[in-house]
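S.K.: Each chain, letter by letter, is given below.
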Amino acid sequence: MIRFILGRLIKAVFILLAILVFNFLLIHAAPGDPAAVMAGEAGAADEKFLADLRARFGLDQPLYMQLWLYIKGAVQLDLGYSFRQQMPVAEMIGDRLPATLLLTGVAFVLSLVLGVTAGVAASARQGRWGDTIISTFALLFYATPLFWVALMATLVFSVWLEWLPGFGYSTIGAGYTGMAHVLDVAKHLVLPATTLGLFFTAIYMRMTRASMLEVSRLDFVKTARAKGLTRGVIQRRHILRNALLPVITLAGLQAGQIFGGAILTETVFAWPGIGRLMFEAINQRDYNVILGVFYISAAMVLLFNLITDVIYVIVDPRIRLTT
Amino acid sequence: MLKTTKLTAAVLALALAGPLAAQEGAPKSGGTLNVVIQPEPPSLMLGLVQNGPTQMVGGDIYESLLRYDFNLKPEGQLAESWEISEDGKTYTFKLREGVVFHDGEPFTSEDVEFSMDKFLRESHSRMRTYMEHVESIETPDDHTVVFNLKQPFGPFIGIFEPGTAPMIPKHIYEGTDFANNEANNTPIGTGPFKFDKWEKGSFIHLVKNEDYYMEGKPYVDEVYYHVIPDAASRAVAYETGKVDVLPGGSVENFDVARIQAMDNTCITDKGWEYFGPLSWMWVNNDNKPLDDVKVRKAIMHAVDRQFAKDALWNGLGKIATGPLSSSTRFYDGDTPDISYDPEKAKALLEESSYDGETIRILGLPYGETWQRWAEAVKQNLSEIGMKTEIVPSDVAGWNQKVADRDYDLAFSYLYQYGDPALGVSRTYMGDNAAPGSPWNNVANYQNPETDRLFAEAALMASPEERKAAYKEIQDKIVEDVPNIWLLELGFPTIYRCDIKNPVNTAFGVNDGFRDVWIDR
Numbered sequence: 001m002i003r004f005i006l007g008r009l010i011k012a013v014f015i016l017l018a019i020l021v022f023n024f025l026l027i028h029a030a031p032g033d034p035a036a037v038m039a040g041e042a043g044a045a046d047e048k049f050l051a052d053l054r055a056r057f058g059l060d061q062p063l064y065m066q067l068w069l070y071i072k073g074a075v076q077l078d079l080g081y082s083f084r085q086q087m088p089v090a091e092m093i094g095d096r097l098p099a100t101l102l103l104t105g106v107a108f109v110l111s112l113v114l115g116v117t118a119g120v121a122a123s124a125r126q127g128r129w130g131d132t133i134i135s136t137f138a139l140l141f142y143a144t145p146l147f148w149v150a151l152m153a154t155l156v157f158s159v160w161l162e163w164l165p166g167f168g169y170s171t172i173g174a175g176y177t178g179m180a181h182v183l184d185v186a187k188h189l190v191l192p193a194t195t196l197g198l199f200f201t202a203i204y205m206r207m208t209r210a211s212m213l214e215v216s217r218l219d220f221v222k223t224a225r226a227k228g229l230t231r232g233v234i235q236r237r238h239i240l241r242n243a244l245l246p247v248i249t250l251a252g253l254q255a256g257q258i259f260g261g262a263i264l265t266e267t268v269f270a271w272p273g274i275g276r277l278m279f280e281a282i283n284q285r286d287y288n289v290i291l292g293v294f295y296i297s298a299a300m301v302l303l304f305n306l307i308t309d310v311i312y313v314i315v316d317p318r319i320r321l322t323t
Numbered sequence: 324m325l326k327t328t329k330l331t332a333a334v335l336a337l338a339l340a341g342p343l344a345a346q347e348g349a350p351k352s353g354g355t356l357n358v359v360i361q362p363e364p365p366s367l368m369l370g371l372v373q374n375g376p377t378q379m380v381g382g383d384i385y386e387s388l389l390r391y392d393f394n395l396k397p398e399g400q401l402a403e404s405w406e407i408s409e410d411g412k413t414y415t416f417k418l419r420e421g422v423v424f425h426d427g428e429p430f431t432s433e434d435v436e437f438s439m440d441k442f443l444r445e446s447h448s449r450m451r452t453y454m455e456h457v458e459s460i461e462t463p464d465d466h467t468v469v470f471n472l473k474q475p476f477g478p479f480i481g482i483f484e485p486g487t488a489p490m491i492p493k494h495i496y497e498g499t500d501f502a503n504n505e506a507n508n509t510p511i512g513t514g515p516f517k518f519d520k521w522e523k524g525s526f527i528h529l530v531k532n533e534d535y536y537m538e539g540k541p542y543v544d545e546v547y548y549h550v551i552p553d554a555a556s557r558a559v560a561y562e563t564g565k566v567d568v569l570p571g572g573s574v575e576n577f578d579v580a581r582i583q584a585m586d587n588t589c590i591t592d593k594g595w596e597y598f599g600p601l602s603w604m605w606v607n608n609d610n611k612p613l614d615d616v617k618v619r620k621a622i623m624h625a626v627d628r629q630f631a632k633d634a635l636w637n638g639l640g641k642i643a644t645g646p647l648s649s650s651t652r653f654y655d656g657d658t659p660d661i662s663y664d665p666e667k668a669k670a671l672l673e674e675s676s677y678d679g680e681t682i683r684i685l686g687l688p689y690g691e692t693w694q695r696w697a698e699a700v701k702q703n704l705s706e707i708g709m710k711t712e713i714v715p716s717d718v719a720g721w722n723q724k725v726a727d728r729d730y731d732l733a734f735s736y737l738y739q740y741g742d743p744a745l746g747v748s749r750t751y752m753g754d755n756a757a758p759g760s761p762w763n764n765v766a767n768y769q770n771p772e773t774d775r776l777f778a779e780a781a782l783m784a785s786p787e788e789r790k791a792a793y794k795e796i797q798d799k800i801v802e803d804v805p806n807i808w809l810l811e812l813g814f815p816t817i818y819r820c821d822i823k824n825p826v827n828t829a830f831g832v833n834d835g836f837r838d839v840w841i842d843r
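Protein chains in written order, with this note's numbering: chain A, 1 to 323; chain B, 324 to 843.
Next comes chain A alone, as it looks inside the complex (with noise of 0.2 Å):
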């Protein structure tokens, strides 16, 4: 176990550098630079303006010259500063991480336990109406645009029933403190991390059905049914187990997109994250902060698939692990 952790890490190292190389390469390909962004907002400008610009963001070096100085930096670490913001890159993604892992974190978890619950309440019935309510369900969530969703949500419950605040994270100006800030930001939580939450929900909910109903007619569950054990046990103890394989593939690829923040839910109700930035960060050619992203989310990918691997042994202890 120890030496098959080693060494998918020292891989992960390589894959990582790949990445980066390949992220830097793909970034500078996009026509304009930063400095061309922040002459073209200020509506005017002169060669010296973009000359000075490019001077003090290291733009005038050659490509290969700012690939290596990244690439020196990234290895220590050293995620450089943004241009536009004038802010070490490390210091921003810290300021938006918080913000970013309490809503992927909060839909995470979220949507795993609904849509494994509704997914096993599905198979259990299946046929029947119960099913059919769930299944359409998760059908229309599946389908729908995540976009559509959110802004439907804001209309409904913070427009028209003023239940939820539409955006933000905070009562901006309240001053809340202590348990009543808790709870402001807990209210501001409930729509973004429910449209978030959804598509997941739908997504687990239909795995976790189609797998349950599949394992249910394998031979062993027939001899735990002659062994005379009841409905409930074998549904947690037999079925569910092994139906959760797939399900465990899922959460992985999910749960390593939990630092890489969700652009759209982000945006569309104003939340301080990480996507948020990124997506600001892209259209302004920010390009280091931009890199530190993709850096982080990369390196979390990665960590979660090798969690994910380990966790496939524990729920399932046929699966050895090779390097």
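One or more of the hints may lead you astray.
What the hints assert, rightly or not - The calculated DSBU-like cross-link candidates involving lysine-lysine, where the alpha carbons are at most 30 Å apart (straight line), are:
#, chain 1, residue 1, chain 2, residue 2
1, B, LYS710, B, LYS396
2, B, LYS523, A, LYS187
3, B, LYS520, A, LYS187
4, B, LYS493, A, LYS48
5, A, LYS48, B, LYS724
6, B, LYS632, A, LYS48
7, B, LYS710, A, LYS48
8, B, LYS593, B, LYS441
9, A, LYS72, B, LYS523
10, B, LYS710, B, LYS617
11, B, LYS412, A, LYS48
12, B, LYS611, B, LYS710
13, B, LYS641, B, LYS794
14, B, LYS412, B, LYS351
If you're looking for bench data, these hints aren't it; they were derived computationally from the structure.
Could you slot chain B onto chain A? The hints should help.
M.R.: For chain B alone, coordinates are given in the frame of chain A:
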């Protein structure tokens, strides 16, 4: 102009401002102003960054010597009085006494000299070109500044606004690396509001400057600028009462009508007179067949601008008559006819050198309205038998393509800064056409005669002479159609009617909320 009863009422109220103001009662102090800011500014240091959002927040923190009313007539701000010599070469400003920066240090003529001569010359590209007209700056005492110009420069009196000439504290910046000074994160000016907090991605908080030099002002205790990245969410923010002011361009035009119908909601398209945002399509005069004036004229007559105004801009704005906005000094509406006339356009195209080439249209990536506008133009041009394709891009890509002249037709809009010598000549001067910038003579229009007239008109001392020169310029340029002029854009500011005075200068909400009070 908006044709709504609410606006008519507002205009009426404005016309009768004197007597009505008394009835409305004296301004009330206190309250919080919640305003939308879009996009989030990169910095609030107005001397270094001059984009829209920086100017909007920075306009509360920084001030200049003057401000300008809707007709661009100067009023005193940090200057109490000013004098221009007979020969138009000496400008003497008497500064207000007892003005202090937010950190308590006094504001004096030394700060003016430092700002204009050192800081802005170094870091502000527009100011750099304006300052080339200045021979020397004298500070005979703490409250007098004298600018000696090399030759008369008519537009000079129009540059003393916060976005162009913000007054920057010498004691903080002298001898430092301006761009990397720590103080840029906590901007210090003389304005009515002080910087308090910037929660990146959420809000910017300003608080009342208790030591402001105008008795009783500002009235409002604090201002929150809310960062909301999605246009639909910004509309919701207003509808749910989270914000009270939507500056021009905050919401998509198709949402304006719905919001306008809400109770206690006022709308004004004033406050853009200084900028005079004029939209047009750049025409690449170097590319065949666009080098043929008949092709350009055909396009000009083919584009249905009334439709764009009514359908895409919600009826806001004005149809452009040529290179100048109607609010810019020396505007002349009596230029050669460029109105919508598809038959004439067809005939012109028939006679021209156009031979079925596909013309690329580069839209402006600033949201839905602009996208649809490109589609409308494509439709217009296909109606006269011209083949076109729309080139998609994002903001950075647009900048690059326009700067590299990699386009045939490209949507854009530019500010005019109140005077043709400041914001118009740059677009048409033959020697300002080098590739590399999306803001110079991108079309590469070359006309030695208008070049000469532009150069002369900027340096004429008498306004009458300038007017005559600019009249000639406008006629000549419209005859050549180097670009396809579209609309003088109308960016409505939407606000709750009980917020008083949000827009009372030619800069609108960009001029700070010095005079705003809340009637609740």
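S.K.: Against each hint, give a clear statement of whether it holds in the structure.
M.R.: Consistency of the hints with the structure:
1. Our distance criterion of 30 Å between C-alpha atoms is broken by LYS710(B) and LYS396(B), whose separation comes to about 47 Å.
2. Note on LYS523(B) and LYS187(A): the hinted pairing holds, with a Cα-Cα distance of about 21 Å set against a maximum of 30 Å.
3. Taking the CA atoms of LYS520(B) and LYS187(A), the gap is near 24 Å; set against the 30 Å cutoff, the hint holds.
4. Between the alpha carbons of LYS493(B) and LYS48(A) the distance comes to roughly 23 Å, so the proposed pair stays at or under 30 Å and holds.
5. For a cut-off of 30 Å, the pair hint linking LYS48(A) to LYS724(B) stands: about 20 Å separates their Cα positions.
6. The hinted pair formed by LYS632(B) and LYS48(A) fails the criterion: a straight-line CA distance of about 37 Å is larger than 30 Å.
7. Taking the CA atoms of LYS710(B) and LYS48(A), the gap is near 39 Å; set against the 30 Å cutoff, the hint is violated.
8. Taking the CA atoms of LYS593(B) and LYS441(B), the gap is about 34 Å. The hint is violated against a cut of 30 Å.
9. Under the criterion of a C-alpha separation no larger than 30 Å, the hint pairing LYS72(A) with LYS523(B) is consistent with the structure, at around 28 Å.
10. Only pairs whose Cα atoms come within 30 Å are accepted, and LYS710(B) paired with LYS617(B) is accepted, the gap being roughly 16 Å.
11. Under the criterion of a C-alpha separation no larger than 30 Å, the hint pairing LYS412(B) with LYS48(A) is consistent with the structure, at around 28 Å.
12. With a C-alpha separation of about 14 Å, the suggested pairing of LYS611(B) with LYS710(B) holds against the 30 Å cut-off.
13. With a C-alpha separation of about 20 Å, the suggested pair LYS641(B) and LYS794(B) falls inside the 30 Å cut-off, and the hint holds.
14. At most 30 Å may separate the alpha-carbon atoms for a hinted pair to count; LYS412(B) and LYS351(B) exceed this at roughly 44 Å.
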